[in-house]
Amino acid sequence: MLSYIIRNLLQRCVLLFIVSVLAHSIVHLAPGEPSEVDPSNPRMQPEDIAKIRTAFHLDDPIHLQYFYWMRDLFSGELKSFKDSQPVLPKIWERFLNSLPLFICATLIVWTLAFPTGIQAAIRRGSFYDRGSTFIAYALISIPGFFLSYIMILWVVELFGVPVIGMRTFGMEDAHPLYQIMDRIWHLVIPSLMSALAGIAILSRYVRSQMLEVIGQDYVRTARAKGLDQDTVIYHHALRNALLPFVTLFGFLLPGLIGGSVIFETIFAWPGLGRLGYEAIMARDFPIILTINFIVAALTLIGTFLSDILYAVVDPRIRLE
Amino acid sequence: MKTKWFLIIIPILLILVLLQSYFWVPTYEMQSKGNPERLAKFISASIADAKILNPILNADSASSQITGQVFDSLLDHDEELNLRGRLATHWNITEIAYLTVNSAMQFPDGVFITGLELKKRIEQLINQGILPQVKKIEILAPKQQIKLVHLADDSPIKVKINIPERLAIHLETVNQNFFNLLEPIIGKNYENKANIEQWVESEQVLSLEQLAKLIPIFEHNPIISFYLRQGVLFHDGHEFDADDVKFTYESIMEVKNLSPRSSDFEPIKSIDIIDNYTVQVTYKRLFSPAINAWGIGILPEHLLNTATLKQEMKERQLSESAQDNFGMRDSRFNRHPIGTGAFRFVEWKGDEFIHLSRNENYWDGAPYYKEYYYRIIPDSVTQEVEFLTGAVDNYSPEPHQVVRYKKDDNYQSFSSLSFAYSYIGYNHRRPLFADKRVRQALSLAINIDQIIKYILYGEGKRITGPYPQNTQWYNSEIKPVPYNPAKAKQILNELGWKKNKHGWLEKDGKEFEFNLITNNGNLQRKAIMTIAQNSWHKLGIKCNTQVFEWAVFLTDFVNTGQFDAVVLGWSMGIDPDLFQIWHSSQSGHQQLNFIAYNNPLVDDLIVKIREEYDIERQQQLTHQLHHILADDYPYTFLYSPLSNIVLDKKIVVFNQNGSYSPITPTKTGNLFFHFNRWKKLEFTPDF
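For the protein sequence lines, the chains are A and B, in the order given. Each step along the first sequence adds one to the number in this note's numbering, with nothing skipped, and position 258 is 258. Just remember that this note's numbering sits 320 ahead of the position in the second sequence, which is counted from 1.
Quick caveat, the hints were computed from the structure, so don't treat them as lab data. All values derive from a computational prediction rather than experimental measurement. Hints are not guaranteed to be accurate.
Stated by the list, open to error - Here are the simulated PhoX-like cross-link-like pairs (lysine-lysine), alpha carbons at most 20 angstroms apart as the crow flies:
| id | chain 1 | residue 1 | chain 2 | residue 2 |
| --- | --- | --- | --- | --- |
| 1 | B | K669 | A | K79 |
| 2 | B | K756 | B | K773 |
| 3 | A | K79 | B | K634 |
| 4 | B | K576 | A | K79 |
| 5 | B | K809 | B | K858 |
| 6 | B | K970 | B | K726 |
| 7 | B | K576 | A | K51 |
Claimed, not checked - Here are a few chain A residues that face chain B, going by a calculated C-beta distance under 8 angstroms:
| id | residue |
| --- | --- |
| 8 | K51 |
| 9 | L153 |
| 10 | G165 |
| 11 | G170 |
| 12 | Y234 |
In this text, a Cβ means the ideal position worked out from N, Cα and C, and glycines have one as well.
Put together the whole structure using the sequences plus the hints.
Next up, the structure:
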């Protein structure tokens, strides 16, 4: 077990290095330059641009640029091209903004997906099952941004209350309770919208897992013992159906950082996804690369954790 | 059993908790009830976040909008676009003209030229009344200097120069023709006849151009003296004075700061502080647009000087290498700016909002709005939604939405000409477009009125030349190119373009074919491209169109000059200088005259306009320039778009006597000119 963990961790470190080199090359080889050296200002002279290029190391060979990036990243002195602010505090601040949205959306996904999926599995072939399948596929195939726009327009038209951003502006002097509720309200629609696809996918997953388990011998045995339907389903079947979902927890981790670029942009939510998006648009290499690096690291940690977790919850699996 | 109910009750509870919050959020009508302070807040929205809140370091519009409120400049433009004093109460422009005494030459009457004699003869001219503006004449003794000169291959060499005697002639006004007036004394071609090499000791041969730069025979040094407003305080209570002006200039020129504005200030030779409230700016050469550069916000010297920056470095405990590179760009100031402006900075949350609060001690009277929020909403649909729910106070509708808002009684909507235009530019390196008549025919074939009507929903105005229509530089006597495909056909026929059997125009066995390109992401440009292609197609011209991603578009086509024709737009400043876009010297790699337009007449006028300090003369010259350009069809000038703004109708402008009236834009279309007197009412007024 211990040797497995050490070996696995080492492998993942090598993988992380390869990912960072690849990401660095792709970002630098893609067309386009940081907006700071892209002269949209007609008064800017080539000499000024040359000065900025040197300051950003843009003319150095790519492996040197990689070295500078890594050195600055680990000494904590990596600065954004855009505003010369240190990158890590910037990412941390945005991370805190994304966190409520992420937690709320995840709660909605996991609490809603299980009951709907289980019900669909129990009533297999019924009108409810087919209806929920249809809706689930519809939600998976309709682009989220489209649904979000429709939802925003509908809510604003019908209720006339603001839904964009983290709070309503101009309410700073209202009672604190109102302000808290206002913040919750602003969470509702973006988290619901970003949860929709998640609910659809996860409930399908729950349904198929349940169906598989319900067909097992031990479930038949449980029924033969004369146990009632609820005990059979929720006590015997559900526990075993839950096993594969343990692995999914591991994949939650990178989602924490990657956030949802589209929803944060539509809802003007100042989170991490938007930071990354704006950085890509402005070719702000330090930000793009660092976010990418953290996401890669978290993905590797996440999959590692789910491997371990799986071994812990499922006694049939042993890590060698 | 428990599990079942748990699985059902938890999601229901969660959804209920979330949805009940709706009842606590105010609608548009209710926002000022229980929250009356809302009326004293102005909430604006922007697509992009600010980058750096320092007027000398930012180049993006979001940042400059904020620094425009937090910082004051020495001067700005008033309702008529004339210069108006802000931190400077007034200023005057004089000149020192330097004349190098070339003792190897003779006066027309045969006497050898000396400084003393030259001075005497010029004074005689003054007494005759021929040179009225001269204040005094000084004789400068000869001196030696060592200078670095860059050779053609960019290697620097040291050069010793023996500057001969020079006359410094102080003039009351700037006069680019001053040395021509001296011709009776020094004769014609005084400048060209001089052999400058005799004064320069160099190991290598220098070009004539470099020599002329080392020791100019004639030199104009315009001088602007600014008289500063007294008693103006920065937001931290420190008084503004001449040091701040000089410091702002020095910071811009400091290489480490990488200021994008340094080229605007490059013509400055020196800045001298005469007293606490008088600054004298001396320029290296005639360059009249230079004064507009003083529209830049003035930085507080006491917060950004070397000592303060060092202090900050210590507090932040940076590493050695970071300390070496530490400069103004890294200072915390750029996220907590302090200026003298109408609003003081409070808070900036990245990608969310910037919060400003009014400066109660503002020298020009505190604004009526107490708070100013600048929200960042990166999507125009959501911006509109926020506007409709009252969480944002202004909105810039898309052309197709304008009519809807004009009809709605809850809003007041404004449209004004923007300082920008769209055009189709032809690459003059291509022999195909060398003939002016070809370009004229191409312009005649496009129905621009229809483009405005159908693509811009009427929210645009035709233009005929390179200046913004709402400035005095624009020559409104010039008629726009009419839509006349028949005439276009006739012109092309006369030039020898005949239809071949495939229906395309052909001349000397070559079909009339070229590529029209534009950048991706601009639907209007794409539509214009299609219309142009179709119009030319009807004449028998084969036009292929292509759209490229912006970066590719610039690096592969525009910067290298490898294109036939482009659809693009310019946004313009207020000054009449067109050097970068139209001067033939600016057609190199990455330069803005990428169509390689080359017209000696235009080059000459552009330089003259730059060197003219008299606004009326300048206006005559720009009208002339406009006329020449319109007549030469270098571009097909299309239109200048209208910019639209909708406001809540409750926002009004208060007059000095306490009454209020509806907001009206200035003649030049600046809606926010009287912003400091705006306020929101509790009810909708009936105007």
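(Q) Please check whether A/L153 passes as an interface residue: C-beta within 8 angstroms of a C-beta belonging to chain B. (A) holds, 7 angstroms
Q) Are B/K669 and A/K79 close enough, with their CA atoms no more than 20 angstroms apart? A) Distance ~18 angstroms between B/K669 and A/K79 Cα, so the pair holds.
Q) Is the Cα-Cα distance between B/K576 and A/K51 20 angstroms or less? A) Holds, because 9 angstroms separates the two Cα atoms, which is no more than 20 angstroms.
Q: Could you check if A/G165 really has its C-beta closer than 8 angstroms to a C-beta on chain B?
A: holds, 7 angstroms
Q) Within 20 angstroms, alpha carbon to alpha carbon, are B/K809 and B/K858? A) holds, 10 angstroms
**Q.** Restraint outcome when A/K51 is required to lie within 8 angstroms of chain B by C-beta distance
**A.** holds, 6 angstroms
Q) Holds or violated: are the alpha carbons of B/K970 and B/K726 at most 20 angstroms from each other? A) holds, 15 angstroms
Q) Does B/K576 pair with A/K79 here, judged by a C-alpha cut-off of 20 angstroms? A) holds, 16 angstroms
Q: Take the C-alpha atoms of B/K756 and B/K773, compute the straight-line distance between them, and say whether it is at most 20 angstroms.
A: violated, 28 angstroms
(Q) Given a cut of 8 angstroms on the nearest C-beta pair, is the interface hint for A/G170 held or broken against chain B? (A) holds, 4 angstroms
Q: Would you check whether A/Y234 satisfies its interface hint, that is, whether its CB is within less than 8 angstroms of any CB in chain B?
A: holds, 4 angstroms
Q. Is the hinted pair A/K79 and B/K634 satisfied, with a Cα-Cα distance of at most 20 angstroms?
A. It holds: about 18 angstroms lies between the C-alpha atoms, which stays within 20 angstroms.
Checked against the numbered hints listed earlier, the structure breaks hint 2 alone; every other hint is satisfied.
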